[in-house]
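Protein chains: 2
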Amino acid sequence: MGQKKAIVLFSGGLDSTTCLYWALDRGYVCETLTILYGQKHDREVRAAAQIAQHLRVKQHVITLDFPWLASSSLVDKNQQIPDQPMEKIESHEIPSTYVPGRNLVFLSIAASLADATGADAVVAGPNAVDFSGYPDCTPAFWQAATQAINRGTARGVKHGVEVLAPLMDLSKTDIVKLGAKLGVPFELTWSCYQGGDKPCGHCDSCKLRARGFAEAGVKDGAVEN
Amino acid sequence: MGQKKAIVLFSGGLDSTTCLYWALDRGYVCETLTILYGQKHDREVRAAAQIAQHLRVKQHVITLDFPWLASSSLVDKNQQIPDQPMEKIESHEIPSTYVPGRNLVFLSIAASLADATGADAVVAGPNAVDFSGYPDCTPAFWQAATQAINRGTARGVKHGVEVLAPLMDLSKTDIVKLGAKLGVPFELTWSCYQGGDKPCGHCDSCKLRARGFAEAGVKDGAVEN
Chain A
359 MGQKKAIVLF
369 SGGLDSTTCL
379 YWALDRGYVC
389 ETLTILYGQK
399 HDREVRAAAQ
409 IAQHLRVKQH
419 VITLDFPWLA
429 SSSLVDKNQQ
439 IPDQPMEKIE
449 SHEIPSTYVP
459 GRNLVFLSIA
469 ASLADATGAD
479 AVVAGPNAVD
489 FSGYPDCTPA
499 FWQAATQAIN
509 RGTARGVKHG
519 VEVLAPLMDL
529 SKTDIVKLGA
539 KLGVPFELTW
549 SCYQGGDKPC
559 GHCDSCKLRA
569 RGFAEAGVKD
579 GAVEN
Chain C
359 MGQKKAIVLF
369 SGGLDSTTCL
379 YWALDRGYVC
389 ETLTILYGQK
399 HDREVRAAAQ
409 IAQHLRVKQH
419 VITLDFPWLA
429 SSSLVDKNQQ
439 IPDQPMEKIE
449 SHEIPSTYVP
459 GRNLVFLSIA
469 ASLADATGAD
479 AVVAGPNAVD
489 FSGYPDCTPA
499 FWQAATQAIN
509 RGTARGVKHG
519 VEVLAPLMDL
529 SKTDIVKLGA
539 KLGVPFELTW
549 SCYQGGDKPC
559 GHCDSCKLRA
569 RGFAEAGVKD
579 GAVEN
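Chains as they are written, first to last, in the numbering used here: chain A, 359 to 583; chain C, 359 to 583.
Treat the hints loosely; a few may be bogus.
It does not matter which identical chain is used: a pair holds within one copy or between any two.
Claimed, not checked - Calculated pairs, DSSO-like style, for lysine-lysine (alpha carbon to alpha carbon, straight line, at most 30 angstroms): (1) K535 to K435; (2) K535 to K516; (3) K363 to K539; (4) K446 to K363; (5) K539 to K416; (6) K446 to K516; (7) K362 to K556; (8) K565 to K516; (9) K416 to K516; (10) K363 to K435; (11) K435 to K516; (12) K363 to K577; (13) K535 to K446; (14) K446 to K362; (15) K446 to K577; (16) K539 to K516; (17) K362 to K577; (18) K363 to K416; (19) K446 to K416.
I should point out that these hints are in silico values taken from the structure, not numbers from a laboratory.
So that you can see chain A by itself, here it is in the shape it has in the complex:
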């Protein structure tokens, strides 16, 4: 039996890069899928390209042009990305950075690619512990999406497609620890929601990342540089 093949949803952020390293460590032959959807932080896509090149894994990059995604402050240039206190982030209220149906659409596209290329697994990096209240980062959603993929694709029906979310039950601190163990080049990853040259330090994503590194006792090369 040959090696199993995985499609990894890969933004170039801390979480999806850790997922990619995790899947490689588990022995999967990986291809990455990076999706542009008008996000302000398309800087992350450069990060993704650098990391994919570093690992010599095949990278698929696609662009979605869905005008209605501008309802999200992650996309709409007229909306500011909020600077919220940690208590608010942890309340798990859905914030303005929520992108309608993003993980559902992303997983479906990854499943389409898995179907077309005969992959055995789809891997992505949602986590239900330190997250921003997004409904599409929960185990309940993930289970339902797994069913949909396995009933609605030829590959799923005939062979089965694993839908893996290795970070689902980890805190950001645990993710940093896992990444450090797997040798993730943190300095190449990009998490900030803003489109600047350096992480802003104020968005949910920067705050959750900073706390994760601090609590793990690991130096964040992306911030230090």
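Given chain A, work out where chain C should sit, using these hints.
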């Protein structure tokens, strides 16, 4: 309480046009979503635009550029669309015209639009009786996709989104009868998989359509003109 709002996946074919008329007849305020994905028969999109204009419903048109969809003979110009006998079509083997994960991706995008615009329902036209063996046209898939949409979108979690497939259990003959009752302008609809000016009469879609009209005893204006 105001009228309910629906997003209708709308290709301009017989089935999705019948769905659109069905949803309007049920009292939904409808917006249509038409998706180009490199299909040879993008002629259907002209049909969709004509019908949407005729009905004065809002039409969203998006284009997906996923290179791997060229595994399908519906997309790849180097593959012929097969001319199969009816017994083969009815065997429900997955044919070369299968587009990997198409309905999963389409439904997810429709759910994203429903999420962004606050719609109450997503409507689409799969049917599990007279179809070409596609795995994404089955009640099992539809049920799983409904769960995924209701767990993985803000609108689904907070309010619920109906995922309606009014043609699921109808034969093509019954669909023609329903369309005739609802006043569907058959002459404007386009079902053929080929990109020609007139329906080819040889693809699965033409054959299923022809039999449906013949058995319903209804004249197909699209073929006669």
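Comparing the hints with the structure gives:
Neither within a single protomer nor between protomers do K535 and K435 lie at most 30 angstroms apart by alpha-carbon distance, with minima of 34 angstroms and 49 angstroms respectively. Taking the shortest Cα distances, K535 and K516 never come within 30 angstroms of each other, neither inside one copy (37 angstroms) nor across copies (34 angstroms). In this homomeric assembly, K363 and K539 come within 30 angstroms of each other (Cα to Cα) only inside a single copy, at 23 angstroms, whereas the closest approach across copies is 50 angstroms. Taking CA atoms no more than 30 angstroms apart as the test, K446 paired with K363 passes in neither setting, with 39 angstroms inside one copy and 32 angstroms between copies.
Taking the shortest alpha-carbon separations for K539 and K416, only the intra-copy value of 23 angstroms comes in at or below 30 angstroms, while the best inter-copy value is 52 angstroms. For the homomeric pair K446 and K516, the shortest alpha-carbon distance between copies (19 angstroms) is at most 30 angstroms, but the shortest distance inside one copy (45 angstroms) is not. In this assembly of identical chains, K362 and K556 lie within 30 angstroms of each other by CA distance neither inside one copy nor across copies; the values are 37 angstroms within and 45 angstroms between. In this homomeric assembly, K565 and K516 come within 30 angstroms of each other (Cα to Cα) only across copies, at 27 angstroms, whereas the closest approach inside a single copy is 43 angstroms.
Within a single copy, K416 and K516 get their C-alpha atoms as close as 25 angstroms, which meets the 30 angstroms cut-off; across copies the closest is 38 angstroms, which misses it. For the homomeric pair K363 and K435, the shortest alpha-carbon distance between copies (28 angstroms) is at most 30 angstroms, but the shortest distance inside one copy (38 angstroms) is not. Taking the closest pair of Cα atoms, K435 and K516 come within 30 angstroms of each other only across two copies (26 angstroms); inside a single copy the shortest separation is 44 angstroms, beyond that limit. Within a single copy, K363 and K577 get their C-alpha atoms no closer than 32 angstroms, and across copies no closer than 50 angstroms, so neither meets the 30 angstroms cut-off.
Taking the shortest Cα distances, K535 and K446 sit within 30 angstroms of each other inside one copy (25 angstroms), while across copies they are farther apart (55 angstroms). When the C-alpha separation of K446 and K362 is checked against a cutoff of 30 angstroms, the pair qualifies neither within a copy, at 41 angstroms, nor between copies, at 33 angstroms. Proximity of K446 and K577 under a CA criterion of 30 angstroms is satisfied intra-copy only: 26 angstroms inside one chain copy versus 62 angstroms between copies. Within a single copy, K539 and K516 get their C-alpha atoms no closer than 36 angstroms, and across copies no closer than 39 angstroms, so neither meets the 30 angstroms cut-off.
In the homo-oligomer, the alpha carbons of K362 and K577 never lie at most 30 angstroms apart, since the shortest distance is 33 angstroms inside one protomer and 52 angstroms across protomers. In this homomeric assembly, K363 and K416 come within 30 angstroms of each other (Cα to Cα) only inside a single copy, at 12 angstroms, whereas the closest approach across copies is 42 angstroms. With identical chains, the CA atoms of K446 and K416 are never at most 30 angstroms apart, being 39 angstroms at best within one copy and 37 angstroms at best between copies.
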